[in-house]
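Q: Residue numbers (my numbering), protein chains in the order written: chain A, 1 to 207; chain B, 1 to 636; chain C, 1 to 126.
Each hint can be trusted.
The calculated DSSO-like cross-link candidates involving lysine-lysine, where the alpha carbons are at most 27 Å apart (straight line), are: (1) Lys95/C / Lys153/B; (2) Lys71/A / Lys120/A; (3) Lys229/B / Lys153/B; (4) Lys96/C / Lys337/B; (5) Lys95/C / Lys229/B; (6) Lys96/C / Lys229/B; (7) Lys170/A / Lys100/A; (8) Lys62/C / Lys120/A; (9) Lys135/A / Lys120/A; (10) Lys229/B / Lys337/B; (11) Lys101/A / Lys170/A; (12) Lys153/B / Lys170/A; (13) Lys95/C / Lys337/B; (14) Lys135/A / Lys71/A; (15) Lys62/C / Lys71/A.
Honestly, the hints are just simulated from the structure, not real lab data.
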Amino acid sequence: MDAHASVGHAELEIPYNVHPRPDTGVYNAKLGIWLFLASEVMLFGALFSSLILLRTGAESWPRGYEFLNVKLATFNTFILILSSVTVVMAWSHLRLGNLKKGRIYISATVLCALIFLVAKGFEYSHEFSEHRLPKTNNFLGIYFTMTGLHGLHILGGVIVFLYFLGPGAKMWAHDPERYTNRIEVVGLYWHFVDLVWIFLFPILYLM
Amino acid sequence: MGLRRQIRVGSQWMYADEAHRALREALRVMDDEHSEHGGHHQPWIRRYVFSTDHKWIGIQYGFTALCFLLLGFCLMILMRLQLGWPGQPFAIMKLLGATRAPGGILLPEAYNQLGAMHGTIMIFLGIVPLAVGAFGNYLVPLQIGAPDMAFPKLNMASYWCYLPGGLIMLASFLAPGGTAQSGWTSYPPLSVIASQGQTWWLIGMVFLITSSLLGSVNFIVTIIQLRAKGLSYMRFPFFVHAQFVTSFLLLLAFPPLEAAAVLQLMDRLAGTSFFLPSGLVVSGQALTNAGGGNPLLWQHLFWFLAHPEVYVLILPAMGIVAEIIANGTRKPLWGYKSMVFATVFLGFMSFVVWAHHMFLTGMGTTISAFFQTTTMIISIPSVIILSSLFISLWGGSIRFTTPMLFALAFLPMFGIGGLTGLPLGLAAADIHLHDTYYVIGHFHYVVAPGTIFAMFAGIYYWFPKATGRKLNEFWGRVHFWISFVCINGIFFPMFAQGLAGVSRRLYDGGMQYQHAKQIAAQTNPFMSICAIGLLAAQVPFIFNFFYNAIAAAFGNRDEGLGSNPWGATTMEWAATTSPPLAHGNFEVLPVVYRGPYEYSVPGSEVDFIPQHQPAAIEPAPRGGLLPEKAVAMREN
Amino acid sequence: MTDPAAAVEPGVDVHEHAGVGDPNAHHHSPEQIRAEMRVYLTVFFGLAALTAVTVGAFYALKGFPVRTAIIVALIIASIKGFLVAGFFMHLLSEKKVIYGVLILTVVFFIFLMTLPISHHANPFGS
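Make a model of the complete structure from these sequences and hints.
A: Set out below in structure tokens:
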């Protein structure tokens, strides 16, 4: 990617947007998403830290498995891991130049995500119907807050994936490499969301 | 590389290639203005409202932040009127309405609202957006030779998260029961049971934190990925290092506060008890919530951010001062390498000192000793940076321009602020000083005659780059001297007040307490008068700023100024015009051949060599002209 | 077209890790990519198995003290996390700059996890 600024063009050419910079070895969005994920580690970390502090300071702390739906959550864990595989397969197919297969796998990812959210919805409504609300005790408070925030992150990912299935797919026509990079970057975000759940599941449901 | 040909254009000598470039650019601009279908004729709203150009976004941030700074200052003036003359009616208080100031006398609840919002507005809506959003955005891509930020649209999104966040904060004043009134620190349980305004405060904070996060990602990627060829890390202007570390602080320290804000919103809106202990009784009535929470949890999460936050406030300021001192002394910074390593170390340590704000929360001796130790250690890099800046003055040929005056004043002022922090960092001394006016004096010294003076220095210094006009020197000096005297008059007595035991956040300034009455009565009126003087000192600055900004907007440049009126070496001055090219910053991206502060290089005809210049300037063809040009620049 | 910066800055050393190549090099052969896809599938089955182990261990450790259960669960979760991060997010073959950012983050994460609770564990008078 040559490092000339293009004066007089409609859109400014930013160097290393698509091809990696030689000395760092990464392209801009790759570094950008990892930095963003670093901040997300601190965000969820703060909530984990809050959980630890609240739990150790509590006189009594209910056990998640006593009333939460462990089976549904286990199912959800499988679904999310599956969605991680589908997105990395999507990216691989795009690298092979196959937009069609890429889109199929992205759609599979979205499907898994929606199944996760629906299952979550069932879980929440069951808890509410048993009068287990965030305000009932701090365990439930932190449970709803952490899974809720996680769920919002899933929703955010779904919206971005839908964009890339829809209007965003036009980019493939004139810049397939850039499109592939975008899917890689969203995929990294998606794996992180899966990673958070991998820790959330045992800590909230099994301890 | 050989001699570069110079030609005379009007009254100025220019390098021939620069002259040709300028001519090409002038023709392009003319062409642009005359063509309807010229490639990038943007609609007004995309060019000036939702701009993706880092320079314009920097100006948006700057203008918005200065307005917020003035607002926060006015809130403080109202507070100081109450502190100087407690219980007295003031006509101006009537602006706050009958619920807050019946008959023009400020109520204690209203005083608390002013206090909480003064702090919040100054820090989150004023200084950080100015230091990072304005100066950082405008200068970093130029200083590293980049065409723009790595993610221009994300940059635009950052500003458009900041502005709504700020407006939500302002809207909180209209909430029933008033705005947030639990301090800028929003400690629970008070903040959880506070009125609706606190909820708006929390929502506003979420917007502001998001804006910061997006911005910090942009800065870090830009600095690492888009720096020009030849610009290694140790050739960065110190300002870029400062912004780099600041961005890491914003990136990694803000999320816990975002988490805390979510938890507090849950406590307030969903009835959870994350921060509410069991058995809490408010106004005689026991709370019905589940309890079991911990107010200290908020303090940990809050200060985890808020301590790195104070380094976010000071590092860009140090960056600005470093640039101006190197330029104003015509010599390289002393100890540049140490300053860089000190900055990085400072950034790292800032994550492990936060509980020195919590020494009085019932901490045991082990944990107190730990935080006391880390706090003492973190003072070392600050000392290294300040000392290096002081030593940089030695042997310099100092030009006492307005930016230099502000930059020089920064040094002892930050020194006082830093030194007065030491007793606060020592747990034993902090027992006496915590939550007194000593703390207020300490942090205001660092932020007000510290950071804000550096901000002023930066405005006077870079105004010609952004507009092509210099601010008026005479009124700049008036602004400086009156501000300098008044600001010390406000904050220095606070140390005495604090040592005498005057607590902070008292709406009568201590008059209700026997031990505080005398010193409060002796010092508060004087401090309030100085505050009014400080406000008056800003008037010439505001006029100076707007007069010249509007003149520049109408195309009235300073004809004789040139693109590098201060004779500076860094790329934002030397490689582009004033103001810089609208699109892409540089005709051709510069290549860097040398360090950032090649001033007064022995053997050079001119007393500065820009970073992107391959060889020293050779004498002008007819001899004697170029040294004169250098003299003319020195005189400027 | 070569990048002018390459003339001045040192080049990248591309090194292959088992089955997963440098994700940033954009001239991978189709065979390499297909090999990576097989690795991803293997990792998926590993993750699925570990999820079953997580739940199984939970039932098996019912009678044991909570601390043991927590430690075992965290170990299994860490292994799963390592697989996701290392293979799906190709961290195992990522560049130094990314590692650097993450190591810094991990250090601060550890501060955030340990220091508040150590305050709690060392109250005044203890």
